[in-house]
Amino acid sequence: MSAILELTNLRKHYATQKAVDDISFSIEQGSIFGLLGPNGAGKTTLLRMITGIFYPDSGHIQFDGKTFDPLNDIIKIGYMPEERGLYKKMKIGEQAMYLAQLKGLSKAEAMQKIKFWFKKLEMETWWNKKVEDLSKGMSQKLQFVTTVLHEPKLIILDEPFSGLDPLNANLIKEEIYGLAKRGSTVIFSTHRMEQVEEICDHIVLVNLGKKILDGTVHNIKQQFKENKFSIKLNELPGTLSAPAFNIVNVNDNELVLQINEGFKSNDILTHFLNNQCTIESFHEILPTLNEIFISQVEGTHATARAFQKIDN
Amino acid sequence: MNKILIIIQREYLSRVMNKRFLLTTILTPLIMVGFIAGAAFLAATDKEMHKIAVVDQNGFFKGNLRDASDIKFEFPTDVDTANYSKKGYTDIIIIPKFEGTAKAEYIIRSKKRIGLSLESKIEDRINDAIEDQMLQQAGIDRAQLDSIKSSSQFAEMKSLEETGDSVKESSAALSYGIGFGSGMLIYITMFIYGAMVMRGVMEEKTNRIAEVMISSAKPFQLMMGKIIGIGAVGLTQFFVWILLIFGIIAASQFFIPQDVLQQVAELQKANAQMGPGGAASIAQAGETAQNLYKFQNTMSTANWPLIIGCFIFYFLGGYLFYASLFAAVGSVVNEDPQDAQSLMLPITMPIIFSFIIMSRAVEDPSTSMATWASIIPFSSPMVMMARIAYGVPGTVPYWQLAASMLTLVGSFLLTTWLSGKVYRTGILMYGKKVGWKEIGKWAFRKN
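Protein chains in written order, with our numbering: chain A, 1 to 312; chain F, 1 to 447.
One or more hints might be untrue.
[What the hints assert, rightly or not] With the Cβ distance kept under 7 Å, some of the chain A side facing chain F (calculated, not the full set): (1) Glu-83; (2) Gly-85; (3) Gln-101; (4) Leu-102; (5) Lys-221.
Since the hints were made in silico from the structure, they are not lab data.
Bear in mind that the values here come from a model prediction, so they are computed numbers and not experimental data.
Glycine included, each C-beta is placed from N, C-alpha and C at the ideal position.
Please put together the full structure from these sequences, using the hints given.
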């Protein structure tokens, strides 16, 4: 598959901060991509450059096989910023129509698509309501619809689930899968790691304006695994220690073990089988993205990013 | 469809397709007419009666001081400054003994302070009485004096303006009315629609829709769409008002009797035959017909197409000049409306100054102050309208009009361009109070 978006050496400096400092990565067409990072890592600035709101100080953006041209490519992008907003006094139907037309749809096309999406997300009765009458979750749904209405090639969602109840969050999640299946690429920016783990194929972690991790969720987990295994036994044998592993934790009949250098997972099983133990379960413990995130970001002063003097 | 058109459409329709717009557009002129009529009615009816005791040591004012609708002079003998209010008088006038031709000081005492207009009215009456007295002393008897007064003729000015070879009637009063009216209208609309633009931008910012919008359209398109859309709302409002005025004039024709209209038509014919400045046959017609004819004749002295054309130009030019500045301020303001107040000041000050200059220029349109102010774009929309009413190219030479229009167009392009840059940065800036220095940096930075 080809890359829909390729960033090379992107840089954007503000007066007191290197918001984005030499970041490069590429995103495959049709994938769901996670852009992670602590608060103030430069995610929003990065997204604003991808959506053409900001111009990068230097670097290159390749979009859909060509150099990114904000004026024309903007209609192929749907962006739902973290700071969401709608015209409060406007009727919901008219609002969706307005935003769709700005994305280049004709009136008839827009009408047809709005009807389709409103029906799908059970919003048909909302048409003549005003935005100010909606609850936070409802306006979130509307915001999502207006973002994806024109079936953009690239959908950028900044914290799409905040404010949604689990039911509606699932509804939106299904739609995101559906959009990816139909060929749209989704960039997903969040710091809720469990969602990333569940949804994303590929992630990039940025911190202090720099990229610190880049890869598929599977590969990154493999990269950071500590060879820990969990084993559950019928009853604990007399002697637990063995050359193949160290015991990290004992909890009733469940053990967490770390394999020593030069041994394999089968060596653990052999050890317990030889001790006449009944093994109820055995699996590898991979680090969660949350743990990786914390281990990577901790200690970099990212929690309180200091202002610095920049010489441009 | 072009994005800017879509934005204009929304900005326009969301304001015009609104019950409040219809109400304010139709009710505002009605309320204004109502206020003026009400004030006039009150002034006419609500008058306090002044019963004034006159202590006249010379003895010739009795019978010569004429009463007015709200003043009654009496000449009691037993009244002094100590007891006049007990005897039922509101004021007391003490007239000094005349000695030669020296200017005498008259004293009026009252419990309540008397107003300026009442004081000058009393002064006029006393002067009239003295004049009468002097004329009588000079040998004109009372009957002669009365007959002279009742038949006296007053001068009525008819000014003619020379333009090249032709002579045209002109009316200073009408020019004043048009100049002041259109200047005032531009002043009010600049504030109303400028503030509307600013509030619209602030709404987009505080509702956080700015980022969504800017990911769909360029900031400049967004700003221009808003400015043009609201400008169109203003034009619509004027259009409705003009229709209303014509409607009222047309409707009032039905209430004028047929024979009066006929007389007016005859007067017009007579005038056409004899040329401007003629129309001596006016005397034959009835009084209403004369008044109506005079009104129509005066109205026709103004160059209406030029005035309306210039009005639309200066309204739009002035609006575009200031609206983009208002938009820039709106984009810089955070949630706090108090910020808006202080940031607006540098924009509202020149508007208020222009109004003051305009109200001077409309009385004397050829001063160098008025001329310069009608070319400088900060004040030209209002001041030039005040001067144009006095005639082009008589009062305002063509070159001045051209210079004024060109600088206005040039400057609104400049302010729009600079505001666009401030807007682009400000609209996405949250939680930071921005000073003028920083705004200046945004406006003049490259790219």
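Structure-inconsistent hints, enumerated in ascending order: Hint 5 alone not satisfied by this model.
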